[in-house]
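K.L.:
For chain C, the structure is supplied; the task is to place chain E on it using the hints.
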Amino acid sequence: DVKVTQSSRYLVKRTGEKVFLECVQDMDHENMFWYRQDPGLGLRLIYFSYDVKMKEKGDIPEGYSVSREKKERFSLILESASTNQTSMYLCASSMFFTPIKGNTIYFGEGSWLTVV
Amino acid sequence: AQKITQTQPGMFVQEKEAVTLDCTYDTSDPSYGLFWYKQPSSGEMIFLIYQGSYDQQNATEGRYSLNFQKARKSANLVISASQLGDSAMYFCAMSDGGATNKLIFGTGTLLAVQP
Chain C
135 DVKVTQSSRY
145 LVKRTGEKVF
155 LECVQDMDHE
165 NMFWYRQDPG
175 LGLRLIYFSY
185 DVKMKEKGDI
195 PEGYSVSREK
205 KERFSLILES
215 ASTNQTSMYL
225 CASSMFFTPI
235 KGNTIYFGEG
245 SWLTVV
Chain E
37 AQKITQTQPG
47 MFVQEKEAVT
57 LDCTYDTSDP
67 SYGLFWYKQP
77 SSGEMIFLIY
87 QGSYDQQNAT
97 EGRYSLNFQK
107 ARKSANLVIS
117 ASQLGDSAMY
127 FCAMSDGGAT
137 NKLIFGTGTL
147 LAVQP
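Chains as they are written, first to last, in the numbering used here: chain C, 135 to 250; chain E, 37 to 151.
The following block holds chain E by itself, in its conformation from the complex:
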């Protein structure tokens, strides 16, 4: 069965510094997608970045990059130059592939950016 593990319940980072949020996954399916979402206190899920299992390059979206290490089954999110508005809950998720496109989530990491 697929599983997503986020081992950091909470993290602090100073404004303008980079931070890495850890995510490991487990699947036997060769075809899958990895996602990161941001959830501010208002509750909406904001899509940040996506990595496909066949992608050769690590995904990047502005200040976000995904450090994809397939052999280690890890998909860490790197946020460069942290901003106060980055304070939120961050979820790693994996699609199990196939028609249903069902997302499996980790337990989340609460990031607090300090001025």
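For reference, chain C alone in the conformation it holds in the complex:
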């Protein structure tokens, strides 16, 4: 089975702290994603990466950065955490998509971050 593992399930951090959310996948997927989930807004894409050291901004990249030094690991970094970044963060990984292949996208269990 494909496994996407997020390092922390629940975190509480102080305003201004630097926060690292780690994600590891074990299926040699090229693509990895970080989403943020808020009530009434669904999941919004923060950043994604289609190869090692490659990254692209999603819909809401402000206040975040990412790192992908190895294919299996994709880190989300909050340089200076703020209370409006309190949210649930979901990591996902996938292989190349074609409509014929069907579902190739796998999610981690989520990380609940509270910034106080």
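Simulated from the structure, these hints should not be mistaken for lab results. A virtual CB, placed ideally from N, CA and C, is assigned to each residue, including glycine. Careful: at least some of the hints might be erroneous.
Computed, partial: chain E to chain C, Cβ under 10 Å [what the hints assert, rightly or not]:
| no. | residue |
| --- | --- |
| 1 | Gly-79 |
| 2 | Ala-129 |
| 3 | Leu-139 |
| 4 | Gly-144 |
A short list of chain E residues far from chain C (calculated; beta carbon distances all over 10 Å) [unchecked claim]:
| no. | residue |
| --- | --- |
| 5 | Asp-58 |
| 6 | Glu-80 |
| 7 | Ser-101 |
P.N.:
Frame of chain C, contents of chain E only:
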């Protein structure tokens, strides 16, 4: 730009009845995929069903079926014989195609199954 719209923030259904969750999408790309995910209160995203833009038949997976109407750009999820364990948030999503396989999500529908 691609967009997914779920107009039902919340729904109730009686146990053992069928329920339809609405989803419309917008894209100019001829090649895309449509997905439904279930998210229980624990937070994990559970893949339910997939429909490719070139698929001629509507997708089915057990009690789940996807009513794909391409001309209307709708991809409604039908759950037959609802169970208490179906109570969860349901998200419709679309892949924008291409190598990055980026998913765009709707805002979700919270389904409550009543005994």
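K.L.:
Next, verify each hint and record whether it holds.
P.N.:
We went through each hint and held it up to the structure:
1. The interface hint given for Gly-79 of chain E is met, as the beta carbon of that residue sits about 4 Å from the closest beta carbon of chain C, less than 10 Å.
2. This hint holds: Ala-129 of chain E has a C-beta 8 Å from the nearest C-beta of chain C, less than the 10 Å allowed.
3. For Leu-139 of chain E, the suggested interface contact is upheld, since its CB lies about 6 Å from the closest CB of chain C, less than 10 Å.
4. The interface hint given for Gly-144 of chain E holds, since its Cβ lies 5 Å from the closest Cβ of chain C, which is under the 10 Å cut-off.
5. Under the 10 Å C-beta cut-off, the non-interface status given to Asp-58 of chain E relative to chain C holds; the minimum distance is some 14 Å.
6. Once the 10 Å rule is applied to beta carbons, Glu-80 of chain E is inconsistent with being away from chain C; the minimum gap is 5 Å.
7. Ser-101 of chain E, annotated as away from the interface, keeps every beta carbon of chain C farther than 10 Å; the closest lies near 15 Å.
This entry does not satisfy hint 6, going by the numbered hints stated previously; all others are met.
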